[in-house]
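Chains as they are written, first to last, in our numbering: chain S, 1 to 337; chain Y, 1 to 255.
In case anyone wonders, no lab produced these hints; they're calculated from the structure.
No experiment lies behind these values; they were computed from the predicted model shown.
Even glycine gets a Cβ: it sits at the ideal position worked out from N, Cα and C.
Among the hints, erroneous ones may be present.
[What the hints assert, rightly or not] Quick list of simulated restraints, FRET-style, between CB atoms:
| # | chain 1 | residue 1 | chain 2 | residue 2 | range |
| --- | --- | --- | --- | --- | --- |
| 1 | S | 135 | Y | 79 | 32 to 38 Å |
| 2 | S | 308 | Y | 119 | 56 to 62 Å |
| 3 | Y | 128 | S | 175 | 41 to 47 Å |
[What the hints assert, rightly or not] Some chain S residues well away from chain Y (every beta-carbon gap over 12 Å; in silico):
| # | residue |
| --- | --- |
| 4 | 99 |
| 5 | 127 |
| 6 | 187 |
| 7 | 193 |
| 8 | 199 |
| 9 | 202 |
| 10 | 236 |
| 11 | 256 |
| 12 | 282 |
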Amino acid sequence: MTVVTSVVAGWRLSLRRLLLSSSVIGPLATWMAIFVLFSVVASNFLSLRTVSGILNAATLTGVVTIGVTLLMISGEFDLSVGSMMAIGGYLFGQQAAKGTPLLGLLLALLIPAVLGALNGLILIATRIPSFIVTLGTRSIYRGLAWIISGGALLQLTEDLPIYEVLNGRLEVVDKLFEGANFRTSVVWLLGLLLLVQYLLIRTDYGNHVFAAGGNRAAAAAQGVNIPRVKLVNFIITGTLAGFAGVLLFSQFKTVRVATGAGTELSAIAAAVVGGALLRGGSGSIWGALVGVLLISTLRTGVILLNIPFIPADNFEAVVGVAIIGAVVFNDWLRRRA
Amino acid sequence: MNQAEHPQDGFVVEMKAISKRFGTITALEGVDFQVPRQQVMALLGDNGAGKSTLIKILTGVHRPTRGEIYFENRQVEIDSPRVARDLGIETVYQDLALVNLMSITRNFFLGRELVRELGPIRWLQLAEMNRLTHSSLVEVGIDIRSPSEPVGSLSGGERQSIAIGRAMHFGAKLLILDEPTSALSVAETRKVLSYIRNAKDRGLSVVFITHNVNHCYEVSDAYTILRHGKIVGTYQRGELSQDDIAALITGEREN
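Pulled out of the complex, with its shape left as it was, chain Y reads as follows (with noise of 0.2 Å):
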């Protein structure tokens, strides 16, 4: 790969002059992200300016009109969610991510199930699964009573937690968090907002998306803003004021 034409290798992931039509509606149109290695990158974007197709299309669910995407200094076509999991990009959406009805195990490991195989009989090692699970959410600190339980009995944060210890556990390098703490309690934000920075110190790079600066300004490193399909601008933590990058995510102010 040629290194001149790609100087900033401080990013993992660099999508570049993104767009996206869908029918005779422009979504987004000539946007450029970055999100710099080992940093939280907040995406902030009223409802409908177009964070959920941009991020879809980082994660495969989506095909850009035009664009390009550059992974870890490589172009890459993301063209199914597999692909995008196949180069660490871990996506944990605010309300879709587990399924209620089965267990935290089952749900951890669930499309990457450990299976043993004897000639056509395969089986599921569920003890092993069992204790990875326990164990490496007791890693990123959280704490379960059993691995076992139904996801559905869990609280909103808990379940969160386990979505987030999931994307660390299976070696995400972008962990990308979808409106995470919209829908949780000050204490469950809090722990939550823990479990990001200890993301970020175990060398993870994190995408926030949501639409309140309130909810991302602790633990950012620096801020993207997305209005009507466009880029406003990207600002680094400290350069502007929660009270700015409101006013930007309005529309109140311009840049």
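This is chain S alone, in the form it adopts within the complex (with noise of 0.2 Å):
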């Protein structure tokens, strides 16, 4: 009997630890839930072909995210992403209709990259709350977007070899496994989380970001420069928002004005289904990136459903509701630890 007990308690001790020690295991748990709920009742949906669909679906959302969360843990929102990612997609499809991508690259990274230095560089002028800065910025910098193309759709038809490079098919994994549909984005996504989860838990500027949204006077009373972090983190936000219209681009070889509206708010989404809080000071890169997995899993399961009143079309009703759903449940998991 006491040996029951002990294990209980010293499982219940790992767990506890495990918990404290990393916020992406109660997202994670979630999504396995989830996934295994929808292998069961979906009779489509365990496949190689809906899980790359899955994955595919995630990860311009998921360049976004990165970014998003990155500042969110330092205390700040940026509503502008959506704007900025139609930006980049247009600097991007623009330069390479005239043949020169590798320009239109560079500009797809260095104009956002100053738009979210201008966000960053309003806050700290004026101390008005990001959400609000931002919030101006996204309809202003949508109008920049309808000025850079004339208010027209952009499409092309020609194949460039950058797309296959930027966000084509990998076939390299494509061809291992049968039915599977994975594409190179998902090689981005993932160095670039790779890269981001090193500046914030390996470097000491990931201390600052971690301590600027914590308790910012305390940072500040021991020399860290609050101001100089956060317009760091609105630059990255948006250098990554202009890299996710590339993406875009590279992809579907189409943008419109309205590119990329409502990815702001389904960042922020991600990033709380993954455990960030939105008074900043705790989230994980990780986690974040489990919460739009979640979100896209989510959509395409329900899409296979077939629910009567939930169509492909509706299916944001039912996001909203796992929203609210799975941060319960890791407020539950974590005030058990």
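Dock the two chains into a complex; use the hints.
Have a look at this one:
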């Protein structure tokens, strides 16, 4: 009897340690539960085709979410990422049409980086909450996308080799697995994830990011340059949003003024599902990407299930329920730990 | 430096004729404040007396409107918290010392992380940081379970101790404690007071800011009392009773 109790106690202790040490466990458990559930109830769900589809659908939002999560950990929001995504898409597409896609790539990273810096500078200069600042620039940058494009849809037909590198078929993997349909953007996403995760956990800069969001005054008293941290995070977020626009264009060869609209909220939702605190100071890039996967999985699963009243174009309602559910579940797990 | 001009080289810091105005409000008026070397100086005053303003001038948060500051007999311009820190002035604030969501180690080294660089790549030496955090806290008499534990899981006294231990580790010459015991239990207060004695024994000078004389009476060597932005007086230990000091703080007694 005592053996059983102590084993259970030991198990609970190690679970506790695991949950405390890594905020990714909660969201991962939630995601796996949903995945298993769909595998059971939706007959055509468990296939490489579906799995690769879920991943592909998650990568664009995923790239944006990495930046948004980093920014949220430092205590700030960026609602302008969707607009910067459209700008990135246009800048890249327009140069690709002229036969200079590399210049396009450069511009699509550089201009959104500058726009991100502008978000940060407005925040620092005015001390208006970033939620409001970027609510404003969200519309301004959408207007900029309109000016760049003249309001017109940009659609190309010619295939360029650079599209294959940025977001083509991942043939190496696809050939190995029958029915798989992975894209190269998954590799980019993974690389960026590792890079930003490293920055966050293994560098002094990452320490300052957590401190800036966790207790601004304490961090400043220790000599951390809070405005600089926030400015750099806004620049990273802008650059990643521009890159997401490039990936999007490489896949679809199409960009509209409205491209990326709503991504800002999906990214925040994913970050929160992944364990990030809205008030800053806590969060995980891994967790946020699991959050993106979770939302993408739900979307795919719900579409496959073909439930009455919830056809493909009404899955947002389910996603909404899932966001609240996942956060409640995470909270419950953490409290028990 | 002309020693004749500043004969009191027994002071680690001297603030002379400090005035501070915020718009039309005068927060400090001609304040002289000295901290003798390796002593605990209590800075006493009621809420709004100007204690925080005076200390924020010393720590580089505010600039004085008028007045001079001498640190180890050299005149200094403390125009940012970093300058204060580089001089060896470490401050432990009552509630904003640590980031609760971060580990003890990450707090301990916040802003002074141990980093190794190889070209453009840099990384934290986390193992070394953990080791140093643990050993230096043990050295000042603070026992922690694990340096990777989040600060939020510690008690108020433990947090205060870690902030003090951090200041001592990083070679503070002058340790400023802003209301270090006002939120603590009696047992925890006793512990924090023992760290203050420990700091003094290791050669540090300490400024202990409080509005309650009972908190600092045990450890202070001298008292400076502020009222309405002006100095009431500086008194040696034993010169006044606790009741006298309390009366001077509130203004029941003039001096």
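Checked hints:
One distance hint, 32 to 38 Å for the beta-carbon pair residue 135 of chain S and residue 79 of chain Y, holds here, with the actual separation near 36 Å. Distance hint check for residue 308 of chain S and residue 119 of chain Y: the Cβ-Cβ separation is about 60 Å, which falls inside the suggested range of 56 to 62 Å. For the hinted restraint 41 to 47 Å between residue 128 of chain Y and residue 175 of chain S, the CB-CB distance of approximately 46 Å keeps it satisfied. Residue 99 of chain S, annotated as away from the interface, keeps every beta carbon of chain Y farther than 12 Å; the closest lies near 32 Å.
With a cut of 12 Å on Cβ distances, residue 127 of chain S stays outside the contact zone with chain Y, its closest approach being about 17 Å. Listed as outside the interface, residue 187 of chain S is consistent with that label: its C-beta sits roughly 21 Å from the nearest C-beta of chain Y, beyond the 12 Å cut-off. Against chain Y, the non-interface label of residue 193 of chain S holds: every CB pair exceeds 12 Å, the least being about 17 Å. The beta carbon of residue 199 of chain S sits about 10 Å from the closest Cβ of chain Y, which is not more than 12 Å, so the claim that it is off the interface is violated.
Listed as outside the interface, residue 202 of chain S is inconsistent with that label: its C-beta sits roughly 5 Å from the nearest C-beta of chain Y, within the 12 Å cut-off. With a least CB separation of 16 Å from chain Y, residue 236 of chain S remains clear of the 12 Å interface cut-off, as annotated. With 12 Å as the threshold on Cβ separation, the claim that residue 256 of chain S sits away from chain Y holds: the shortest Cβ distance comes to roughly 38 Å. Distance to chain Y contradicts residue 282 of chain S as a non-interface residue, since its nearest Cβ pair spans about 5 Å, not more than 12 Å.
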